[in-house]
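Using the sequences and the hints given, assemble the complete structure.
Residue numbers (UniProt numbering), protein chains in the order written: chain A, 1 to 334; chain B, 1 to 334.
Treat the hints loosely; a few may be bogus.
Since the list gives no way to pick one copy over another, a pair counts as held whenever it fits inside one copy or between any two copies.
[Said to hold, decoys possible] Only pairs whose alpha carbons sit at most 25 Å apart, straight line, appear in this in silico SDA-like list of lysine to any residue:
#1 K125 - L231
#2 K24 - L331
#3 K227 - S293
#4 K227 - M10
#5 K292 - V228
#6 K24 - D315
#7 K24 - S325
#8 K204 - S30
#9 K232 - D248
#10 K204 - P230
#11 K117 - V228
#12 K232 - P205
Hints listed in this document are in silico derivations from the structure and should not be mistaken for laboratory results.
Number of protein chains: 2
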Amino acid sequence: MQRVINDPDMLVEDMLPGFLEANKSLVHASSENPRTVVSNFVGQGAPRVGIVSGGGSGHWPAFIGYCGQNMVDAVAVGEIFSSPTAKAFEQCIREADSGKGVAVLYGNYAGDNMNVKMALRRVEKEGIHVATVVANDDVASAPSDQRDRRRGVAGEVLMWKCGGARAAMGGSLEEVIACAQKAIDNTRSIGIGLSPCTIPSYGKPNFSIEPGSMEVGIGHHGEPGIKVEPLKDANGMADEMVEAVCSDLPFGSGDDVVVLISGLGATPVMEQYILSARVFSDLKDRGISVYKSYVGNWFTSLEMGGVTLTLMKLDDELRECVDFSVNTPALVQL
Amino acid sequence: MQRVINDPDMLVEDMLPGFLEANKSLVHASSENPRTVVSNFVGQGAPRVGIVSGGGSGHWPAFIGYCGQNMVDAVAVGEIFSSPTAKAFEQCIREADSGKGVAVLYGNYAGDNMNVKMALRRVEKEGIHVATVVANDDVASAPSDQRDRRRGVAGEVLMWKCGGARAAMGGSLEEVIACAQKAIDNTRSIGIGLSPCTIPSYGKPNFSIEPGSMEVGIGHHGEPGIKVEPLKDANGMADEMVEAVCSDLPFGSGDDVVVLISGLGATPVMEQYILSARVFSDLKDRGISVYKSYVGNWFTSLEMGGVTLTLMKLDDELRECVDFSVNTPALVQL
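Take a look at the structure:
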């Protein structure tokens, strides 16, 4: 892989100044911790519940791309595919707090769980009220009766959108947490991997996908999926993903959903639209109506090839949250 | 390359339904020509100058991603890396016309030039006033005294942004054309290619870049650049690109610019931010101030690896246009 980098061990160090300068109207780094990215909108207007997230780098636009107005207030930045430190999460919580409490909305990974818990113990001693929602939308990472073992993937974007909107509307910490929890409870995702990625400091792929095959249920760091199958065409992939996601919640006739289709990095958006055409027709065949859809690179894994499908079932509250305007580096919605 | 496709000869056919469904609040296909994508905002509000563009597919989000409110009103859609038909351009002009004339803002490629000219002859007989601006921002494609031979590349995005804004502000056809022409006259771009792409129906790359080398000045279809050099680090690439672009216009101390950095497809946005950090510091060293910047995949070439740098020198009119809000599938700006 030919890269645009300086030092493979310093990617995050070298990337943050470019990100911060390009998006300086929206975000800045905390003066207390350079791995804490903070929305410029924090502290504007009436006090509100703060929204915090964070995770490993290499998933652009997750996580820092969703920091901004009405979405995530502060993001803890980890090394490539590694959890941020407890200190970065701690500082995020302090930065996001305006006296109304802070909701930490993050994905179910061992490192993140540990570091968020450590951060919570520290900031609670400082008198900040904090509560968490742990995203676990990946249906492939554990059976449906073991949701607490499932990983959080692209559904996190919808969790942040809904939690951020509820906070911006003036919701209490309990209301924001309940809304973000409902968002992720109503959300299911699955990925198909087509080609691996390489952590530059490691220098070779830490997993492999044979040409002519595809890994159904792949995780965002190349975690093994449910099965390896012969490569299908886009329609075959769509059918398989729609079935895996719909049968899990389950989603069915009469449901109103948000569709989020994301590339994993190397798969062109044009191909994602080929997939989405079939996803839309599959959903129509099932009597499921699509309220809104997002197709593009919303949650990637370096230059991994492949796609993910996420569905969220809407109710009135979630619909209102999805429509709430945001202004962030990755997602601007009027 | 493992792809998410159905039939390599039907990519555009298979992609458009997904694109149109996902973005149905912003765009639709003309009932007269399925390869004509039209903004839903055409015909809303007072009559205004229409903005038309078009080009080959495979450059997502160019060209259809920029169709929407206050940017491009109708886009002619070509096959992969091939010009749209004259008929598609014709229909775009008809759809975009609301009696104030139409500005066709496109890139300098033989096929597009020919088909736009044929379209113009037809619609002018119908009484529609049309004028054109041909983008030629790629400094690597011909010497500076032969600008009419230069290709249009990512600078087209800024031409559309400025032309679209001027039209939305109520400018006459002459004013819109003058503004779009000034935008591209004030804009210069260069690309560095790191790895080739493959047109799926052809099945193998139509050019090669040896690992450990980079092609400086590569075109958006793999057209040869100025030179092949040993692969540099991100800082070295940034220095070379900034020098090539700044010495051409020239850009110098006291100038106020827009920076647009785009990946060519396979290069992660994180790496583009590593590059942009050095671009920003190089410009600062030259006394050039950055008014606004865009970093991401704004004009790609399927899964080509590499990056492009575009600078546009601002004056008061262009600054106002750049700040004008737009709402399109690819770019939403408040």
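Checked hints:
1. K125 - L231: neither (53 Å within a copy, 52 Å between copies)
2. K24 - L331: both (15 Å within a copy, 18 Å between copies)
3. K227 - S293: neither (27 Å within a copy, 43 Å between copies)
4. K227 - M10: neither (35 Å within a copy, 29 Å between copies)
5. K292 - V228: neither (31 Å within a copy, 45 Å between copies)
6. K24 - D315: Close across copies (22 Å), not inside one copy (35 Å); limit 25 Å.
7. K24 - S325: both (19 Å within a copy, 18 Å between copies)
8. K204 - S30: Neither: 34 Å inside a copy, 48 Å across copies.
9. K232 - D248: within (22 Å within a copy, 48 Å between copies)
10. K204 - P230: both (24 Å within a copy, 21 Å between copies)
11. K117 - V228: Cα proximity of K117 and V228: none, with 35 Å in one copy and 51 Å across.
12. K232 - P205: Intra 23 Å, inter 22 Å, cutoff 25 Å: intra and inter.
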